[in-house]
Amino acid sequence: MAAMITVPSYSPSIWVRMCHALPRLDLSMQMRDNIFAPDSWEYQQTLLILSSLSAIALVISLLVVLSFLIHYCCCHRGDRSEGSEEEDDDEDGSTGHGYSGKKGRGICCVTWVAVAAVTLCCVAIGIGFYGNSEAHDGMYQLTSSLLTANYTLASIDLLISDTITGLQLSVSGPLSSMEEMFSGSKPFLVSTRNCRRLSENVINLLSSISLARSSVEAGPGNDSGVSGASITPLTPVPPSVVPTVVPTSSLLPNPFTPGWAANTLIVNEDYRWLSYVLLLLLDLIVCLFILLGLAKQARWLLILMTVLAWLALFLSWGSLGLETATVVALSDFCSEPNTFVLNSTQITTGTSSDVLDYYLTCSRSMNSPFQQLLTQSQRALSSIHTHLSSLDRNALPQFPKAEKSLREVQQILNSTEGNFHQLVALLNCRILNKDYIDSLKGLCYDGMEGLLYLSLYSFLSGLAFTAILCSLPGAWRSFPSESEEYDDSDSESEDPFTSHQARRQASSGSQRGAMAPFYNYPGAGWTPPFSSAPPLPTPNVSSNGNPGYESLPLTDRQSPPPSYSPSMLTGYGGNQSHPNPSHSRNLYSR
1 MAAMITVPSY SPSIWVRMCH ALPRLDLSMQ MRDNIFAPDS WEYQQTLLIL SSLSAIALVI
61 SLLVVLSFLI HYCCCHRGDR SEGSEEEDDD EDGSTGHGYS GKKGRGICCV TWVAVAAVTL
121 CCVAIGIGFY GNSEAHDGMY QLTSSLLTAN YTLASIDLLI SDTITGLQLS VSGPLSSMEE
181 MFSGSKPFLV STRNCRRLSE NVINLLSSIS LARSSVEAGP GNDSGVSGAS ITPLTPVPPS
241 VVPTVVPTSS LLPNPFTPGW AANTLIVNED YRWLSYVLLL LLDLIVCLFI LLGLAKQARW
301 LLILMTVLAW LALFLSWGSL GLETATVVAL SDFCSEPNTF VLNSTQITTG TSSDVLDYYL
361 TCSRSMNSPF QQLLTQSQRA LSSIHTHLSS LDRNALPQFP KAEKSLREVQ QILNSTEGNF
421 HQLVALLNCR ILNKDYIDSL KGLCYDGMEG LLYLSLYSFL SGLAFTAILC SLPGAWRSFP
481 SESEEYDDSD SESEDPFTSH QARRQASSGS QRGAMAPFYN YPGAGWTPPF SSAPPLPTPN
541 VSSNGNPGYE SLPLTDRQSP PPSYSPSMLT GYGGNQSHPN PSHSRNLYSR
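Going by the numbering used here, the residue at position 420 of the sequence shown is 420; the numbering climbs one at a time, nothing skipped.
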């Protein structure tokens, strides 16, 4: 059954290997090694050089935007007079809707460039949300694995502490009483002292385990063996619970314990995740309101969004620099994590390299560094159990008062053996190595992928906001001013009280020919309203076939009927476009 158990393994991903293979230059432009050494100034210089690429991209973006602003502000001043002369030609060729002519094509181009840039920004925002979620999942897996490892270490400390405390109680209590009772019997006294000596030996062996945070100040030459012992039991913390109470100064965790590292990472990850969410929401709001401003042609809204777009541009390129340095440093760590962990942990905590290598690699060919200590402790506990069994058979019939003390020692020994078996299982490399591999997978797989997506988001959003800032001045120029809107509303062709259908009919009528008179409607009994004009003269047919009219003196004529606008003629005249001469002759004949 044990042969079927597989030990999890870790191998760097292709993204880690690609980022790890990037060349490294320091400030003196010399090639450096890509070994992860965050405390080295030379290594920090390489990260600064890589992160400065985003600063170069920001400068290029600013130059591009500045060149477009100069183009719109200076070069288009001479085009205003030409544009005013071309407006009449553009209006003649247009039907009242859409764009036409050179100016219309320019407005359409600027609008679509802004829309395309906003669309690219929305795509970048989607990538950013996905990358932020992936990075958060990776950090959650990392912190959960660290807290689980801390729970295992705390359980080991608790078992060792309980075992040592129980053996101390047995040495100072029941065994001391049994020595006084068996003072007159040398064989029983020797067995009792052997139990005491073996208990002290187990205490010393368990105290030498380096993973235990309990401190026992017992020297080999101390007769009492445990008089100077100082045990601080530690209660295990569940891996899903983060402590919220700040411990006292005597119980402050070692800065290099997994629990302290997990709690620090949780706090920093919360701030990082929230910062990216706020940045993504800012970009999304800017993009949506830019689209709204283009649709409504609201100049004040676009001015406000332009200011926010400048802020988003700087934040995008700045975040890209941080993400680039983080991705490169993380790839260097994930390429060879065991080397860095061995060196840093051995220096800071003084833990043996054999112990660290056993838990980091967990190879089947390696033996546990605690195997000898555990074997000796197991033999000592077995010897104690043998001596107690002999005293139970032989000493109790002669010394019945020693039964209570003997039962207490046996009870302590049984609980000690149970704790010891649990301790042997927890000290196996499979448990801690699994937590270590899970933490590496969360950091180097999900975390690395999330950072790469965030870098892509920052790059695309920087390009999108650069294009947006270049196209928005052209959009402002295309918007009509308030005076132009007022003049358009006063014109006949753009009558605000006339429907679009009436405008189309009026324009089509102007292209076909003259509009029919207002009073030309069918019907025998219809008379023009409010008209005092004399009847029209009766037409006579001339020799060439064209109708002629009798001439009337100007003194006998009165004022013509009132004139009406084309829209009113369209509303009253219907679809009739040609006069009926016969109807006019019948209508005005006396």
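Just so you know, the hints here were simulated from the structure itself, not pulled from any lab data.
Idealized CB from N, CA, C, for every residue including glycine.
Treat the hints with caution; some may be incorrect.
Said to hold, decoys possible - Label-pair restraints from in silico Cβ distances:
| # | residue 1 | residue 2 | range |
| --- | --- | --- | --- |
| 1 | 53 | 272 | 15 to 23 Å |
| 2 | 52 | 268 | 51 to 59 Å |
| 3 | 268 | 310 | 45 to 53 Å |
| 4 | 278 | 59 | 37 to 45 Å |
| 5 | 425 | 28 | 50 to 58 Å |
| 6 | 28 | 268 | 56 to 64 Å |
| 7 | 425 | 9 | 19 to 27 Å |
| 8 | 308 | 56 | 41 to 49 Å |
| 9 | 42 | 295 | 24 to 32 Å |
| 10 | 185 | 422 | 34 to 42 Å |
| 11 | 28 | 421 | 57 to 65 Å |
| 12 | 354 | 318 | 25 to 33 Å |
| 13 | 295 | 264 | 17 to 25 Å |
| 14 | 277 | 415 | 30 to 38 Å |
In ascending order, which of the hints set out earlier in this document are inconsistent with the structure?
Checked against the structure, the hints that fail are numbers 2, 3, 4, 6, 8, 9, 12, 13, 14, while the rest are satisfied.
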